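Q: Read off the chains here:
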Amino acid sequence: MSFLELFTDPLSRGPLIATLFMSISTALVGAIAFIRKKSLVAETLSHATFPGVAFGLLASFFFFSGNDLILFYLPLLFAFGFAILAQALVEKMLKEKKSADVSLCYILSFLLAIGVLVASYMQHSHVMLFKNLQIFFYGQAATMHDTHIYIYGALSLLVALVALIFQRAIKFSCFDPLFSSSVGIKSWIMKGTFSFLLTLSIVIGIRSVGVVLVTGMMIAPSVVARAFTKKFSTFLLASSLFGALFAFLGYIVCYLLENGAESTYSVPIGPAIIVISTLVAFISLLFAPSNGAIIKQMRKWRFQKSCILENILKFFWKTPCQSYHLIHLKKKQFASFSILLFALFKLVKQGYLKKEGLFEYRLTEDGKKKAAYIVRLHRLWELYLIEYLSSEVEKVHQSAELIEHIITPEIEDKLTKLLLNPKVDPHMQPIPIKEVL
Amino acid sequence: MESSLKCDLLNVYYDDHPVLFDVSFEIPKGKLVAIIGPNGAGKSTLLKSIVGTIKPLSGTVECFSLPFHKAKKKIAYVPQKESIDWEFPITVLEVVLMGRYHQLGLFKWVRKCDKEAAIEALKLLEIESLANRQIGELSGGQQQRVFIARALVQQADLYLLDEPFAAVDAATEALLIDIFKKLKEKGKTLVIVHHDLYSVESIFDWVILLNNRLIGCGEKEKWFTPEKISQTYGKKEEIFSDVISQLKKTKSGLSL
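Which chain is which? The protein sequence lines are A and B, in order. Residue numbers in the first sequence follow this note's numbering, run continuously in steps of one, and reach 532 at the last position. Residue numbers in the second sequence follow this note's numbering, run continuously in steps of one, and reach 257 at the last position.
Fair warning: there could be bad hints in the mix.
To be verified - DSS-like mimics (lysine-lysine), calculated; alpha carbons at most 30 Å apart, straight line:
| # | chain 1 | residue 1 | chain 2 | residue 2 |
| --- | --- | --- | --- | --- |
| 1 | B | K229 | B | K74 |
| 2 | A | K490 | A | K512 |
| 3 | B | K116 | B | K187 |
| 4 | B | K32 | A | K326 |
| 5 | B | K30 | A | K509 |
| 6 | A | K190 | B | K56 |
| 7 | A | K133 | B | K82 |
| 8 | A | K325 | B | K109 |
| 9 | B | K109 | A | K286 |
| 10 | B | K56 | A | K132 |
Since the hints were made in silico from the structure, they are not lab data. Keep in mind the model is a prediction, meaning the values are calculated, not measured.
Make a model of the complete structure from these sequences and hints.
A: In structure tokens:
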């Protein structure tokens, strides 16, 4: 079966398409929760839906004698109601000056405990209902069918529409709440929209991933999206797309595992999606273009390298006409042997040094200018520290050893002007004049 | 003398202690006004209650002889930097476009003319090259310029600014002062929470002295005096006002 057929095959399209819808809406709302720093609220609400589902199942059994359609919709409605109730309770506790994490944990455990009590009652008296309830606790994407596609598709569309319409209200109120209220945007618009979206997306999510894991669907896509976007609208869009992508990947992995060599067990889709999306989020944080861990490490290395190169040039500059052998340079402890060799190779390539026989090096004219410029920065900085920041003469050298590698031409210009183009440094050494490189 | 801002017996309480206590004052049009007072004197709170983000316990605020909520479109407010989420994914241009809220509301698409107005304001603040950067990537001075640009886009008659000079570089400060003075010449009123007492004389022409209650409001010649300042800042600041009066004497040749 090709991947496209997964979307049409009557057995696989239910779980796949319903899960895709679900992950788009949870990722979209998760992005808003991420930006509002309210991810823990999502966690509380998702657990609060559990007693809701339990009561919903019981109610549909007692009052509607287990009608299939009612059994389908009523738990969702009750879940929605309980999530709203949880928010009201948390609000109430916050008003009583309880801290946010105390309120959230308190309500989360309280409502979950009620759910577990009801569940254990159902386990003995209503075994079929209990099985239904278990689906919502751990989630069960594999048993979803066409009805799920329609209902979750419609609900996801509603989530996307509401988010689109109220995008500006959310953006303004989160970014700059004081300005927003000064122009007349009521903060309850944003808060109300957010809690509606959050509740709805959790209700959409619990059927396929369960109350315990549904928040996992919310966080990872927004973490990835945040690393690549700088506009709110693109951030929301990217987060939804990543949500869909992760869901698809998760589904494919499950599919391959289940249909692979002689395996007989079934792989739950929800947890697979969450594990995959968390891994991708982690990797994308490593590789993010502007502030990923890898790019940061590379920048650090580049800086260390340029320090070593400049220090070698400075050493040559002390006796500009003498050539030095590799062994001699090694004794000066610029770097380990291999790095030193690489640095010398680099300097020759840059044209600052030239080779005079095997492992024998000498400064070129360009190298002299470059080195003189570095020494100039060093001495300018020393002078500045003493004249303007009243440092002691003996202590400035250490700082200048580092700062000389950092000062940009603009700062050099400013220093020159501020210090009136000085000629001697605090140690009575001449400051090399600036030459065009 | 037409009034641009009038507060009448404003009382603001946090929990059960007063932050503003019976504050009443009136500011005519076309003034550059500094709000000065010690930490915790209620300077920011005064601005917040004028723009309605804090509800006063009692008292009224009038702008241009209208109750505040009717004059909203004539007011531009720049909050303190601390209240802003700098991590938020929003570009400089988008921030400035927020100033077009009164034209666009919550639901209309951003039009070309809105973008042009925003770019124009960015040019005035000399940061149009940063338009597509994320706001958090900018330096403190650049960020403040963005918020002033947003206020300019609002085309208001009354500007309320909460410490616009906090943590900005010298070039930005000079540019902002220049812009504020030009706005004043156009007949706009600017009310600015200000921390640096040394520069009050050279920038502003009115002062509001505040320490939970109003110490005084009026022309700086009359109210920005050592006695009033020491009254505003309590005993600890007496030395400061002594130094200021000594400075004045020295400058005017009255003593060495």
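Q: If you test the structure against every hint from before, which numbers come out violated?
A: Violated hints: 1, 4, 5; rest satisfied.
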